[in-house]
Amino acid sequence: MLTDYRRLAHQELWQRFKAGDEQALGELARGHYASLYNYGLRLTTDSELVWDTIQDLFLELWDHRETIGNAIFVKTYLLKALRYKLFKTRPHHQSVHLEESEPVNMPFSVSIEDEIIDEELHTEQTRLLHQLMATLTKRQQEVLYLRFYQNLDNHEIAQIMGMERQSVANLLYRTFKELRSQWSPDLLMSLLVVFLSKF
Amino acid sequence: MDYRAYQVEDFLFDESFRQWTSGTSAQATAFWEQWLVQHPDRVHVVRQAQEMIRVLNNHYRDDATDDRLASELQRLMNNAAERRDSESVTPIVPLLQRTPFWRWVAAAVLVFTIGISGWFYINISHKAAATSYANLTKITPVQLQEKINNGAKAVNLILGDGSVVILQPKSRLSYPRQFAGANRTVYLNGEAFFDVVKNPASPFLIYANQTVTKVLGTSFLVRAFDGEKDVTVAVRTGRVSVYKQQEFERAQQLGIRRIQGIVLTPNQQMIFNLEANRLTKALVEKPAALMPSVGTQEQVFEDAPVAKVLTAFERTYGIKILFNEADLSACLVNLMFTNETLLERLDVVCQTIGASYEVHDGQIVINSKGCK
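Keeping their order, the protein sequence lines are chains C and Z. For the first sequence, full-length UniProt numbering assigns the number 1 to the initial residue and increments by one for each residue that follows. For the second sequence, full-length UniProt numbering assigns the number 1 to the initial residue and increments by one for each residue that follows.
Chain Z on its own, in the form it takes in the complex (with noise of 0.2 Å):
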């Protein structure tokens, strides 16, 4: 390598050069002291690029220290190790064979799990069986469809309101079609994660495990394996409200508007026991970690194909967008997205090249005149 030429520039990617400057490595401080003395022409532009280096290295600098670095590690190791160890063993909680994506939620749901079925074995009550899933699905006058996951991976659906379900392996979901009536109710028995599209006019009711889950708007995880001890249901953002489906029901009846329940707010999550048919509010033990964001999803498009933005769409929440490709080859857009549900980021392509979409059992259907 022919260091005579070097600018600053070029130094300042040199990792020998780098490693000297930093004094990590005595190899290149030898290297780089020699080499000075044979080109003492260089000094002032050599000083140049370590000055830059050291400015910007001092700027990057973190507070990590090498004891902190080697327990990490450890912890790594043992960690692993432990996990090696059970492997080997088939797993007596179905809960940990989760994907590590939910292990949060396990842990969580393991301890409290394991608290009390110290206490007594399962013993689903009669009532149970009235509200069990199977049973709700069937006694529905509306005609419902139903997902059922029985693959390892979670599966995304969207629902004839725009809303977005992360459903989880061995979980089932039974909707309808399109929601009519006063509310939007869908039936759970599994675990799932919503992203319930704003509609104050008609709230989302979730059926699960003799517990009723209402939003308005907001995106949370409800957590209802029949023939489990706990419901949980745990809030990633907005208000959400937990019911006993016994006194929801009841509540409904007889036109009472103040039921007793629990609120959710960011954070929180609930847990119901069944056998002591009590809900327990608790704050969630890492808050967002242990839910998915279809919501946060951080997207940028520049000068990019809308055909693309749509792949890029269908890629990352799992659902599928229809569009006509020759249609729309000739719109190009500029876009950066967040925090957006799906359907705001699809409002946001289609005002930009003035087309519309509707959502059209479980799909999206993009309806553009093209771009000229």
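The following block holds chain C by itself, in its conformation from the complex (with noise of 0.2 Å):
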């Protein structure tokens, strides 16, 4: 959650950047850089391609910096712009497919092995959550990601995924529910009480 002070800081930030401020750009770059690669991780497994979306975003908005609008949530807009961006150059064969009894995997799913350097962190539970998440659909997956890792609330995931809140809080139900049926152990149980107290 942002505070007001940060919040404003990021308005003026906005406004600098609006204003032609090559110095805002780098700022407004380097504050989202990283956390924007990580999510169009979660929407396309071409690393490349999403580094040259969020340079193509980043460019186009420098471009037309002067007619775009006053972004209050300057987050949830560049995410949902990338997000955008991403669907939009997406091969046709790779399109989303929403059906939600079909799973899609994730780049996460390829060898654990490799991907686990933390010995501590190589244990059952993560195992099994890697094996949970790749059962989930994309959507459910996203949904599930934004909440968490972005640490976004059901009204900034339903405006990035262009859905209502009511559909947020309902797949994040379901996604919740599909888990919980196919999982009990703790870790489970505390990050279904997480999530559904965010309703």
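Worth flagging that the hints you see were computed from the coordinates, not collected in a lab. Note that the coordinates shown come from a computational prediction; the quantities given were computed from them, not determined experimentally. Glycine included, C-beta positions come from ideal geometry on N, C-alpha and C. Do not take every clue at face value.
If you anchor each label on the Cβ, the simulated ranges turn out as follows [said to hold, decoys possible]: (1) C/135 with Z/144: 49 to 57 Å; (2) Z/308 with C/68: 20 to 28 Å; (3) C/9 with Z/344: 18 to 26 Å.
Going by beta-carbon spacing under 7 Å, a handful of chain Z positions derived as facing chain C [unchecked claim]: (4) 60; (5) 62; (6) 77.
In silico DSSO-like links for lysine-lysine, alpha-carbon gap of 27 Å or less [to be verified]: (7) Z/153 with C/80; (8) C/18 with C/80; (9) Z/308 with C/80; (10) C/88 with Z/138; (11) Z/281 with Z/320; (12) Z/308 with C/138.
Since each chain sits alone in its own frame, please combine them into the complex, following the hints.
This is the structure:
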């Protein structure tokens, strides 16, 4: 949650950016680049495409800085724009399947052993979580991701994914219901509590 | 903040707590280590929350290094500075004025144009005049209507067969109100993206600056401005055949079935150089990126009133949909769309609520008796 002060700071930065301040562009980009990249990887496995798309995104904003609106929630605005651009550039055959019955393999499902360096993390719970996540649809994974990793509330998630707030809540609920049916240990229970409590 | 009352889930969304767990803030670390000493009874909750954050963070880990981030930022700043420098100069090539959306097309075409413009200066031959847009639309026996986009933004229009055209600025398209006969023929001067409804019985033909592009049902881009030396056709989905207009017409007159043209499949593009009178085929540099995806607009509706769905379509596709709001007020639908074309989406909606639709005069009219 942003404090008022930080929200003001974001606003001010945005205004400077709109006024053509190159330093503001730099700050804006620095502040969001990593999380935009991470989000992009949830939407496509092509990391170079993500890098390029973020680059394009900022340059387009820069080109249109005088005419773009006042983004009150800059982060939400940027995440949404990136999402839109990535969906737009996605080759036809790769387009997202929304069928709830069809899980889509995400990049993290490749050889977990290679990925995990930290011995401590290499627990049964981690493995289980990976497995469980892979059974979710892309849309479910995305909602979960935005909720946890990007720390957004249902309203912001709704804006990014172009859904109704209630639909986001429903989707999160359904996601957890599915997870719950497959796994009941502590980790999941606490996860459930976490997300359900945010409705 | 009273952290004593915090449960695992509350810690999960506390920024300072997360910073401590990920070791990104010395300040947070100092605070939480101190706090733990003061509240030994909360240790187990804290440890549990930390473990969960680690597991999830690990799950969402990416491969971005600081070096890579720094170089990307540098690249961005260089590009931005370059743009600022070029802003004060009047663009020499009108291509540069295109929306960023089309930048890749512009880049591709520009590279090519620069390459050959060193060779010779434009001198459109008299042959071109006979096949010009103005001339073609004049001599056609069918009565045409014309859409001219003088604005700064692309304009969407829907043709009599339901095909959608995104007409770029400074472009014009002539087309019959309703297609009749063996072919669906349109004439383009400028640049447009086509999402053509499949109809094997009636091929869709686009006449544009000495070329004819023939498709059965697919989506692709045609760029053919009168006065430009190149014509570009790039394909997003399906198969497209491109011919020189001269050869296409001769073959039609002689009844020859096989015409020498170029067949394009997705992510391929054709550039027709008018002076060299040569068709060349290449891969689209940035597939799909160069074309708007009318067909891949993802839309989800849960318990949504049909009127809302239709309004969303209107907005997405920029096409007017006429319906009686009162009749549809009781209709709620649950729908998800990904790759469907506008008409496919309308089919689904209409089937769901037992309605029908027709394409009329560039608009879509929904006929419904309502839901009960």
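Against the structure, the hints:
no.	hint	result
1	C/135 with Z/144: 49 to 57 Å	holds, 55 Å
2	Z/308 with C/68: 20 to 28 Å	holds, 27 Å
3	C/9 with Z/344: 18 to 26 Å	violated, 46 Å
4	60	holds, 5 Å
5	62	holds, 5 Å
6	77	holds, 6 Å
7	Z/153 with C/80	holds, 21 Å
8	C/18 with C/80	holds, 19 Å
9	Z/308 with C/80	holds, 21 Å
10	C/88 with Z/138	violated, 37 Å
11	Z/281 with Z/320	violated, 37 Å
12	Z/308 with C/138	holds, 25 Å
Of the numbered hints listed earlier, those contradicted by the structure are 3, 10 and 11.
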